[in-house]
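Fit chain B to the supplied structure of chain A, relying on the hints for placement.
Residue numbers (my numbering), protein chains in the order written: chain A, 15 to 155; chain B, 516 to 896.
Source of the hints: derived by calculation from the structure; they are not laboratory data.
You may find that some hints are simply not true.
Here are the computed lysine-lysine pairs in the BS3-like style, where the Cα-Cα straight-line distance is at most 27 Å [claimed, not checked]: (1) A:95 <-> B:667; (2) B:667 <-> A:123; (3) B:630 <-> A:78.
Over the 12 Å line for every Cβ pair with chain B, so calculated as not near, a few chain A residues [what the hints assert, rightly or not]: (4) 36; (5) 48; (6) 118.
C-beta atoms are modelled at their ideal positions from N, C-alpha and C, and glycine is treated no differently.
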Amino acid sequence: MTTEQAATKRQRPIVPFLKLPENEPAYLAGSRCKHCGTAFAGDRRACANCSAVDQMEPIRLSDKGEVYIWSIVHQSAPGIKTPYIAAIVDLPEGVAVRANVEGIEAEPKNMRFGMPVQMYTEVVRQDREGNDIVAYKFRPA
Amino acid sequence: MLNMRDVYVVGVGMIKFGRYPEQDIGSLGGQAVLLALKDAALSLKDVQILMSGNLYQTSMSGQRVLKEVGMTGVPVYNVSNACASGSTAFREAVFAVGSGAYDVAMAVGTEQMGKMGLLGAPADPSTSPEGVLGTGLMPGVFGMAGMEHMRKFGTTHEQFAKVSVKNHHHAMFNPLSQYQVEVSLEDVLNSRMVAYPNTLYMCCPTGDGAAAAIVCSGEKARQLVGGGKMIKVAASALTTDPYTQRTLTFPDINTMTKECARQAYEQAGMSPSDLNSVELHDCFATAELLHYENLMLCGEGEAGRMIDEGRTALGGDIPVNTSGGLLSKGHPIGATGVANVCEIVWQLRGQAGGRQVEGHKAGMAHTIGLGSACAIHILTA
Numbered sequence: 015m016t017t018e019q020a021a022t023k024r025q026r027p028i029v030p031f032l033k034l035p036e037n038e039p040a041y042l043a044g045s046r047c048k049h050c051g052t053a054f055a056g057d058r059r060a061c062a063n064c065s066a067v068d069q070m071e072p073i074r075l076s077d078k079g080e081v082y083i084w085s086i087v088h089q090s091a092p093g094i095k096t097p098y099i100a101a102i103v104d105l106p107e108g109v110a111v112r113a114n115v116e117g118i119e120a121e122p123k124n125m126r127f128g129m130p131v132q133m134y135t136e137v138v139r140q141d142r143e144g145n146d147i148v149a150y151k152f153r154p155a
Numbered sequence: 516m517l518n519m520r521d522v523y524v525v526g527v528g529m530i531k532f533g534r535y536p537e538q539d540i541g542s543l544g545g546q547a548v549l550l551a552l553k554d555a556a557l558s559l560k561d562v563q564i565l566m567s568g569n570l571y572q573t574s575m576s577g578q579r580v581l582k583e584v585g586m587t588g589v590p591v592y593n594v595s596n597a598c599a600s601g602s603t604a605f606r607e608a609v610f611a612v613g614s615g616a617y618d619v620a621m622a623v624g625t626e627q628m629g630k631m632g633l634l635g636a637p638a639d640p641s642t643s644p645e646g647v648l649g650t651g652l653m654p655g656v657f658g659m660a661g662m663e664h665m666r667k668f669g670t671t672h673e674q675f676a677k678v679s680v681k682n683h684h685h686a687m688f689n690p691l692s693q694y695q696v697e698v699s700l701e702d703v704l705n706s707r708m709v710a711y712p713n714t715l716y717m718c719c720p721t722g723d724g725a726a727a728a729i730v731c732s733g734e735k736a737r738q739l740v741g742g743g744k745m746i747k748v749a750a751s752a753l754t755t756d757p758y759t760q761r762t763l764t765f766p767d768i769n770t771m772t773k774e775c776a777r778q779a780y781e782q783a784g785m786s787p788s789d790l791n792s793v794e795l796h797d798c799f800a801t802a803e804l805l806h807y808e809n810l811m812l813c814g815e816g817e818a819g820r821m822i823d824e825g826r827t828a829l830g831g832d833i834p835v836n837t838s839g840g841l842l843s844k845g846h847p848i849g850a851t852g853v854a855n856v857c858e859i860v861w862q863l864r865g866q867a868g869g870r871q872v873e874g875h876k877a878g879m880a881h882t883i884g885l886g887s888a889c890a891i892h893i894l895t896a
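The following block holds chain B by itself, in its conformation from the complex:
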């Protein structure tokens, strides 16, 4: 671990991702906070500092949550790091406790996207190079990221599409998932093309959601969990994209993820084979296969074969995105990184219901934000 004291997760909560047009982020985040507090058997008065991850409603998002559930006057940090905002907020909570400055810290992630459509779409296309000088929108960028993998390794459209089939299947066992619909390989391949090779079912939806996690010191955690499992934050890594040949034009999500994974495994003193499940950033089906290699779950160029062999499905040797992933559970941006931590905690405690991985002792939560940032946490029990 980094040069700080050990940190433990003692409470998590998330609301079902979906569409809540009648609510605001204060209300969404407030529900997640209350769930996490109940899970930890703590009161909001015990929480000494709050880190709030949000992208599109960043103005005082954490304070808006506290106005719903309790204005305790604690310090609040509002964190924005694109799709890694929630993970970055969680990491800040870990550091607040790890540094010794606080004993109990909370991270909350929120987002209300409604049906906002394509992220980053220009408000006025007549003044934008989008669609004239290629594309910078996410479906095309991740389409091209998949094409790069096809170019290097001969990965097929069907192999990418299988990610969507798998993650939608996993979501059938997660009542908090935005979508619970089985899709076949034919359904995925025949759904509307968004940006080749990503069809509609290979793109994560927009949506609203919130998740919260409470971390504390070892002493405090031992009091709280009693005879229950101590969930330790074994690694917390955050990287940005170093210069690589095309990254200024075409964001290189691979190099920064590989480096982040290397740091995380080193901090935890673990290797990829020690993990029992991984929640990774499958914003598009293409991304998931790239990250099998980036997170060293398989060797370079082996991701296509890995999905073909079912190794990352429930029942495989390293299940990936047991929650349904961003593709089916949903991706309310600021909430995503915290929700990934919730899933790993539930797996570690044996509370994951029909999607439980037996004998779960270590899991990884990974997110990336384009522009770019990569965050990885490894949790162990």
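So that you can see chain A by itself, here it is in the shape it has in the complex:
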């Protein structure tokens, strides 16, 4: 590996709307329609709710949310570790995101609807070039 290659290695988000600024905490980026107020994860060209164009403004999504619903996945594709808690997490801006809930055993008795959760980030793997792939996850708040 050359010095140049090593210098370009960095952390990369698993999805584009996870932002990893150098000197501040990671956050989820969203957008909001100035016409109807609907908020979304990530950037958009037009509003999926009211179809307004040129009305989307960038917003920063909260790192605290609530578990809307969950399942415990016991069987998945080869290479995916099971069991794990798969959830839909509601953020206060009105955006829902898919996420794993970690930090507790994957048992139905540990889960309740509406439980408050806190976002954190973690390196989950390396890509082919050796960059760290960073994901967002949630744990009970």
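Then chain B, alone, in the frame of chain A:
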């Protein structure tokens, strides 16, 4: 009905769903086409246009069927709409005749899945968010859809599991079902957990299969059926998911199904109580209970009680999935929507054998495809 002339189903056929590794979709679909032609007393030369539903072998699936049974040079449309592919192909055949452009149209649905395992599983998990950012695979998505119903209405794991018991029981009377095995509530609850609350027996299998249906104009149908029953397509509705709060993250199968059902009942000029049986999209046991409410077979939050009371079992006031449903009859994706139409036609004609609903005059065939699409047909005799 929509702004077009009346359309009638004059022939249906399907092969037993299962695993046919030695065959291809041309061969599977060809058998279904020949069965439907025989049923209608028509020749392939009478069929003026073919609509072919398939998801995983989409490249010229309809032409591959015609290479097996007769290359008549007719127009072929190859239709892909996830698990609603077969229904969408059937709807296109209805429109081809309803528009007046053709007098006889055929829909064929095919799929060869083998033991492909979980649908949509990433080819390379190391580059996919699956399992890291929750899940987008069907068992988890439909597990969560069931959990949403639990959250709203207190529906229980046992109530969802009862759907599997019922549909496996219905399949005992359907020789074309992929599985003909009775399962008890304990069997279902104790089978391997796939994605909570759906256990193995609460998930439809993968498999291979084909089904075909022939539709034609009223004049042509009267010639063909003679003194037999005229099976009318009383409604054909197709919707996609409108924007709702979480649907970009967690597909909202309820809103689009409710709207599709509303349109279908309006087209047919009927209400849910006019139906004698329903074939609905029970890809997972959780889905069936949600659709009782979405199709307005009961009120909001009443689906759990509906299965408890046996209202949707054979002998109940609105039997659901008399064929065994996707859970037991199987779900070779492109074939499913056409196979649902076959079941309603057999019920309307009184040809459903041990699973026959007495005095059957109207039935509904419903499918959904995630991503999303919902198709509903109401057939009447």
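Status of the hints after comparison with the structure:
1. With a CA separation close to 30 Å, the supplied pair residue 95 of chain A and residue 667 of chain B exceeds the 27 Å bound.
2. A threshold of 27 Å between alpha carbons decides the hint, and for residue 667 of chain B with residue 123 of chain A the separation of about 18 Å falls inside it, so the pair holds.
3. Distance restraint check for residue 630 of chain B and residue 78 of chain A: the Cα-Cα separation of roughly 41 Å exceeds the 27 Å cut-off, and the hinted pair is therefore not satisfied.
4. Distance check on residue 36 of chain A: its Cβ is at least 23 Å (rounded) from any Cβ of chain B, clearing the 12 Å threshold; non-interface status holds.
5. Non-interface call for residue 48 of chain A relative to chain B: holds, since the shortest CB-CB distance, roughly 16 Å, exceeds 12 Å.
6. Interface exclusion of residue 118 of chain A from chain B stands, the closest Cβ pair being 14 Å apart, more than 12 Å.
When each numbered hint is compared with the structure, violations occur for hints 1, 3.
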